[in-house]
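Asks: Protein sequence lines correspond, in order, to chains A and B. Reading the first sequence from the start, the letters are residues 117 to 461 in this note's numbering. Reading the second sequence from the start, the letters are residues 726 to 1064 in this note's numbering.
Take every hint as true, because none was put in to throw you off.
Have a look at the derived ranges for each label pair, beta carbon to beta carbon:
1) I776(B) / T454(A): 49 to 55 Å
2) N303(A) / F837(B): 37 to 43 Å
3) A432(A) / N1036(B): 47 to 53 Å
4) Q239(A) / Q885(B): 30 to 36 Å
5) N1035(B) / L431(A): 50 to 56 Å
Cut-off 16 Å, straight-line C-alpha distance, at most; resulting in silico cross-link-like pairs (EDC-like, lysine to aspartate or glutamate):
6) K308(A) / D1040(B)
7) K163(A) / E196(A)
8) K308(A) / D271(A)
9) K461(A) / D888(B)
10) K402(A) / D378(A)
11) K453(A) / D397(A)
Here are a few chain B residues that sit away from chain A, every Cβ distance over 12 Å (derived from the structure):
12) L764
13) L770
14) I773
15) V859
16) L917
Hint data in this document are derived by calculation from the structure and do not stem from the laboratory. Using N, Cα and C, we set each Cβ at its ideal position, and we do this for glycine too.
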Amino acid sequence: MPELTSRRGLLFGTAAVSAGVLLTGCTSNDTKDEPASNDQPAADDKKGKQVTIGFAGPQADHGWLNAINDNAKSRAKKYEDVTLEITEGSNDTAAQIGQIETLINKKVDVLVILPADGKALTQVGLKAMRAGIPVVNLDRIFNSPQAYRCYIGGDNFGMGLNAGHYIGEQLKDKKNAKVIELAGLDNLELTKQRTAGFDAALKNYPNVKKVARQAAEFTVESGQAKMSQLLQAQSSFDALWNHDDDQGVGALRAIEQAGRDDFIMVGGAGSLSAMQAIEADNSVLKATVLYPPTMAASAIDLARALGQGKGVSGLAEFEIPSSLTLYSAVVDKENVKTYLPTGFK
Amino acid sequence: MTQPVSPPRDDTPKLSSQADPSPWRAVVARADVRTLSLLGVLAALILIGGITKPDEFLDTRNLQLVLTQASVIGVVTVGMTFVITSGGIDLSVGAIVALASVWATTVATQDFGFVGVLFTAVLVGVGCGLVNGVLIAYGAMVPFIATLAMLASARGLALQITDGNTQVVTIDGILDLGERDSYILGIPPLVLMFAVVTIIGWLVLNRTTFGRRTVAVGGNAEATRLAGIDVRRQRLYLYLLSGLCCGIAAFMLIILSGSGQNTNGNLYELDAIAAAIIGGTLLSGGRGTIVGSVLGVLIFTTITNIFALNNLQSDVQQIAKGAIIVAAVLVQRRTANTT
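Excised from the complex, chain B in its bound form:
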């Protein structure tokens, strides 16, 4: 990918479109051609679902289901989007989710209650993110290697803590959040948590100095450093942020599955990277879009849902997922060339 190196400031397509006096036209004409094409894909999928299984697919319960299943990986993807936007990568997200979930459920079995579980999950996530961040920012390690090491060791630690067992949670307050009675206006609490993380993520990336710095570091780290920004500290914060998202996701996964297991979060790193990439975040850094990432997650979850409703097997599902990644990236290249 020969991506033009963008200057260190906030002149990414998204940001400049906000400054445009006629934002709607700018939105349609530029960055959001991608968003619109993703919405088109999602609409097409909904159409396919609606045609093949009208009763089951277009059902409120199914909508709740799709959104709930998108929530956990969605939160991880928001964190991943920041990291990739800065030109980094975090391969350890799935392993961190596993470690945070088993640690938190170990606490749960010892009766520390709701707050203990939430606190532990978040703390473990942030702790792992801190290690990643220090290694990458101050140890000058390549993100791929540092987070690969974290992937291996966090999974190992999760296995050690559980001894291969499934740790079932019995705290009612936590389990209740996954039940239908706790839906707020028909929205499952997990989906609300996902929405909150998404909105905060969008605001931080698009409306704060922290967000602009993230984009700048991904665009041209050296120029950013010369502009007086502490690039290393920024990188540290970004991996912390990703770890934080993993901790939150682990807590959500505990609510969803009622347990902690060392196999939790399996392949989340791939799903999160894929969703961010098809959403329009550049793997080489310098451009990131939370909305695109979330649409990417929704597209994957909707495909899985449609396939399951039509009783297609997992091999077909994986092939289709691969095809969609390829197609989305090809479309992006086209739109990138024409704008």
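Just chain A, with the same shape it has in the complex:
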């Protein structure tokens, strides 16, 4: 019978395998499905020169990344003059570099890259630019401005900032108001930025104090587990900011299981279920701060404009901007109808 020969290696091997799975499991923020925006394309709609756009993103194992892919594909389909070459997503840096090199060798006209890790993919971005292929860097920024022609992404600091301001305004008349934070994966840069923005906003409200923070993992399971502990630790508080609507499903479940409703909750990202809960107004969830997956559709617009040498309609420039950061709007009961179509599943 085959038996394990190295018991010693076993736990380490298991650790390595599982760590890989963890990374694959949770590199993004949320969940979605529907390509949402039907807004006006950034560049004009008139048919132009044929453009082949290469798209390389991480594995869509999470709703938000799924929505990113769908947004990119459906926007590309809208243009007769655009051909989209899409690689299979991977969270492995080496694999993603290989995929991008393939696209470079295929001589696509423009590259749109959402790196699994922006810093690690900088070199291949530089390589593409040197090969004369302009790069649109989506969401996770490269280390060097030389590695991309245009950056478009969300505002993680702004998410925290807007969440903090919203909560601060709600609590401004309350003495010694207590706020807690359910963060996302702590080893992601974006989580740190969201927390930094949140703390910065709260400084404007001297009566509000953040009393606890726990990090979950962008999953429902971790949201439920961490939130139930937080609820046990804090017998009373006034507001909760949860970084991510996906783990928010678990957090809301924990809140319901604990039978608590003595505070308001603000979510993050803008999932459909969160927006529906805000609209129904029957839970503690009163608002969510957007991190729109529609940025992928905008990236296709910009890539097309780049390939055709156009500027952006409505702007005076002849070229597209070098950087574009989306606004993290706060969606609450007042404006949820407007944003509902952008909610991702």
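Put chain B on the given structure of chain A with help from the hints.
Replies: For chain B alone, kept in the frame of chain A given last:
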């Protein structure tokens, strides 16, 4: 680990202590030095929790919370204990939990109801266990590799089924089991399920032929085969059993989180292996203890709880978890040498 190969029969410390005319002394003197030291660790943790956060920690609600959070991984660990006792390993438990939970919640969204969800979760768990078992027992694959393959493919399948989405369950009968109203004498239904699985697991491992064979296969598979026991069939059953536990755990996780997601059961394989090892089950097989495994799970859950109550961050929690695994195994080696 140079572990003496134990003979194929039921002469593990636990079993022989049961045969001892003065069981209490034997219990204290031998196998249960480990159990007692684990209880000591747990008591120390409870003391720390009680001192640092007396109001929140020593609260009935918190006790219910800790036990509930231990339940899902606890059930997985019971299955894992059997597999490790037989000298095998199951790396696929977390992935099976994920696959079973998303499959079951896919059924849920199609209105098959409570029984449909439970049945599907268990069936998927057993099915995956069957594949593991056949590959290992009859395909002569190393358990590490076979279950590694299952880990990868079950996660992939779970991702494919959900398309990355969270599948929210809306069946009241299931969700109700996670609510406070359904606590029985103050005990959450999930904790009762965990207790039932634990008791059955303990009885099977310590009081049945199946249990003795499991220990024997882990101690010396060749001698067991020569003794006329069908080692391959035994191995098949063990991976089936682990899959079954994963299916039950998936159903419990659906109750707990109200949803199925492809990220469910993340790193359960590590937590379950770690809990079994610090509980005193030998990674090389031949010795297993359900009580130790459950104490291991409770220790980990209690640490997480104390850290969260004191608002310590996840990095500190992970470092402490690592330190406890090392300390527990070192203590075990000492006790193993001295008895």
